[in-house]
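Visitor: Sequence:
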Amino acid sequence: MIEKAHSINDVARLAGVSPATVSNVLTGRKPVSAKLVKKVEAAVKALDYRADPRASMLRSGEARIIAVLVPDLDNPFFTSVVSAVEQCLGPEAYEVIVASSHGEEEVEKSRLKAILAWRPAGLVVVPCSDNFQGRELIESSRTPYVIADRVTDNLGADTVSADNEDAGAIGARHLIDLGHRDILIAASSLSLANIRRRCSGAAEAMRSRGLPEPAIVELGFSIDEASARLSKWFDENPPPTSIQALTNFTTLSVLTALAERGLRMPHDISLIGFDDYAWMRARATPLTAIFQPVREMGRVLWETLGARIKGNLSPAKHVLLPCELRIRASTGPAPEARPTTRPAKEPVSKPAGMAAC
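Numbered per numbering that gives the first Met the number 0, the sequence shown spans residues 0 to 356.
Do not take every clue at face value.
To be verified - No more than 25 Å apart at the CA atoms, straight line, and that leaves these computed lysine-lysine pairs for DSS-like: (1) Lys29 / Lys44; (2) Lys44 / Lys309; (3) Lys44 / Lys34; (4) Lys309 / Lys29.
To be verified - Computed spacing ranges between beta-carbons, pair by pair: (5) Ile326 / Leu88: 19 to 25 Å; (6) Glu103 / Ser207: 26 to 32 Å; (7) Glu94 / Leu136: 19 to 25 Å; (8) Glu40 / Glu259: 57 to 63 Å; (9) Leu189 / Pro18: 53 to 59 Å; (10) Leu189 / Ala19: 55 to 61 Å; (11) Asp223 / Ala19: 53 to 59 Å.
If you are wondering where the hints come from, they were derived from the structure by calculation, not from laboratory data. Virtual Cβ for every residue (Gly too), placed ideally from N, Cα, C.
Using the sequences and the accompanying hints, generate a full structural model.
Guide: Below you can see the structure in the form of structure tokens.
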């Protein structure tokens, strides 16, 4: 037998208050005395009450929904952003709906139309390209929104992103300090502003030390395809002494190509990964990696969006969050920078009666 779900009226009867008071306690729309709040909370817990979001939307004309649209739910960075935003909403009585554009602009527009039909309270968008045409759809609906990660020079909306130029620079500086002069940048696609800025940061770090700009290879967004492209690059070019990957996908692709060629880190080649997930630390050779502050990104995204939902009309806010280089065993001195002298071997004692050779 299926147990019938309790209603807001059931909560009100058990707490000895009106349904309107229960609603005010749950939504925070109007202040309620601490004594009544305790009664309502006790009744909610006793009945295991959960508000019906559809009924709430019909009554108020507002959906207590925050929507998040990302390019790809297979990419752990995007799911980490979703999780970071979701964790900030716990006390706010909002529900989260998530959609993916699969990296296609037409799908992105279709998903936006479907999301906006729910009349969400706010929207977080990671555009699938620099040419984000969905802005007109969102702004015509007057839905508060903030753009994450994919930040272009068209800064008419609130944006929150890692400092991508600095992320590229700190990796390149680390390799330069280890004596590397032949650095290969493993990028996903230069059609994205955040990737171009990471490349720009690495190139500027090289130029500032009087070194030629690093080689760049575009690997795309599929690990199998990326590994094949990188192997082809190795077939056609002298091998670099180090590789700096600019995304978690390109990090995996580089590792696949290195394994196929039997190249060891850091003896044969040094590698800097990107995003610093747990698996990067759990390897036999832990990866040096650039860490993006995803939790902080989620906090700032919600702080910015929450202010817009509450009516903040200040000029657009643009936040760049610093990344961090976490140094581990996958990077070491370039071959020409390694010590060439070896410690003298201790003499080997020989058994009595054995002649020296």
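Visitor: Confirm or reject each hint.
Guide: Evaluation of the provided hints:
no.	hint	verdict
1	Lys29 / Lys44	holds (21 Å)
2	Lys44 / Lys309	violated (29 Å)
3	Lys44 / Lys34	holds (16 Å)
4	Lys309 / Lys29	holds (14 Å)
5	Ile326 / Leu88: 19 to 25 Å	violated (35 Å)
6	Glu103 / Ser207: 26 to 32 Å	violated (38 Å)
7	Glu94 / Leu136: 19 to 25 Å	holds (22 Å)
8	Glu40 / Glu259: 57 to 63 Å	holds (58 Å)
9	Leu189 / Pro18: 53 to 59 Å	holds (57 Å)
10	Leu189 / Ala19: 55 to 61 Å	holds (57 Å)
11	Asp223 / Ala19: 53 to 59 Å	holds (58 Å)
In summary, the numbered hints that this structure violates are 2, 5 and 6.
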